[in-house]
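The listed protein sequences derive, respectively, from chains A and B.
Here the first sequence stands for residues 1 to 338, numbered as in this note's numbering.
Here the second sequence stands for residues 339 to 472, numbered as in this note's numbering.
Quick partial rundown of chain B residues pointing at chain A, CB under 10 angstroms, derived from the structure:
#, residue
1, PHE351
2, LYS359
3, ASN422
4, GLN425
5, SER447
6, ASP449
Below, a list of computed lysine-lysine pairs in the DSS-like style, where the Cα atoms sit at most 30 angstroms apart:
#, chain 1, residue 1, chain 2, residue 2
7, B, LYS426, A, LYS172
8, B, LYS456, B, LYS359
9, A, LYS185, B, LYS456
10, A, LYS274, B, LYS426
11, A, LYS125, B, LYS454
The set of hints was computed from the structure by calculation and includes no laboratory data.
Don't be surprised by glycine CBs; every beta carbon is placed ideally from N, CA and C.
Listed below, chain by chain, are the residues.
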Amino acid sequence: MQKSKDYFYIFLGGSFGFLLGLFFLHLVHDLRDKELSHPSDGLITFYSTTISQKIEFFGILLAFPLLGALCGLIKILYQRIREDKERAGFLEKTSQTKSEFISLASHQLRSPLTRIKWSLIMMAKGEFGTLNAEQQEITSKNLESSEQAISLIRELLDISRIEQHRFEFTPKFFLVSEIEKMIKKITADLEQTANDKHIPLLITQPFLSADRVIVDFKKINQICQNLLENAIRYTPKGGNIEVRMETRENNLLVHINDSGIGIPQKDQERIFTKFFRARNARLASEEGTGLGLYLCREWVRIQGGGISFISQEGKGSTFTVSLPLKGRGTGEGFLKAL
Amino acid sequence: MEHKILIVEDDDFLSGLVTRKLVAAGFTVSSASDGEEAMRKIKEEKPGLILLDEILPGINGFEILTHIKKDPATATIPVIMLTNMGQKEEIDRGLALGASEYLIKAYLSPDEIVKKVKTYIPESNRSARNTPGV
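Only chain A is shown next, with the shape it has when bound in the complex (with noise of 0.2 angstroms):
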């Protein structure tokens, strides 16, 4: 439809030249006949004109007819660009329009659930009178079902936050020290999950470098908190983690190892992708929203970093976060030489 509209407007230009063209060919043979004094009869001279005369008629009849196609053309660029323009701005508003619904839709979704969970921990501690063990147990899966409503929330607003290009971070100098001292109390507070498993945490080589990140201190423990909790979440009972850090090159890589249900070879190129899980992780845990390693790397990029990952399917999985020390190096191009 666009296309013969197109086509139409090239056409009618075309059409419009042509006749401009004639009329134009006309006057110029008055004029001639004018000054040569003695009259003609139009075009019908055309048949006795010099081959350069001949030239300039063919030359005037397709000039123009080209002149008149041409400013069809720029008619169809021009509406184009301006329909371009409209619909970026329509899709500006309507992604405006979603963060902002996104937003208060969630701060209007906390309060019920802030009720819930509130009422679920005191009703879980037995402190308004004691439950027997399958009232227990409801409890226990109503709580982590709220809490993960409120994670989604969280990161839905994170995700709204960073499409508009919001970002609430302050960058400031920590010692990879106090990075590692963060990273041990992420697994001192994830322990207990991960006993529940039989899975050690362990975090090898104390790392007592004086080097300096430029990082925000919320986003990196959140990255390192996500990743752990993902490790523990797929990696089967009796299983192993490991977290490492080291300082390679003016980066200082974080990597966390798992010996995990792992990520098929299939999905690997689609993991960081918004909402995406891969098949077996599906399978493994109704938990996780497919949100949390694409906010990962979306914080990790927006400091200067980079994060990746090395898994085989059945084996486990390593992804590594990298960070450039003291703003020298870059967190991504390293992670790409690796």
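Here the structure of chain A is known, so what remains is to put chain B in place on it, guided by the hints.
Okay, now just chain B, sitting in the frame of chain A:
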């Protein structure tokens, strides 16, 4: 020793749960469910700590916070913003207006709130501004 905490929260259910926990921890709790009631109770009761929500009927949390910090009689009362509005701009605004902390309800448990409150009460005691008779 009793320490009065003022909870400014329009959700009576949440306010009730926190009150229950704080009372069990030995605090005296007073609550206000809208801006006007909060302003009146702050003036009358001079609480040792205020847990302040942001979205309230009438005067909102930020306006209350501004009033608290402007009035020399109440300026030193520690205020913890306890809300479900957690955008960076809101957090920055709350802290800039003088809130001691900005906490998001959904990320906490009632026990964690009690723990937080406990860290603030001794501080206010040390300054002795809320001791009866001062």
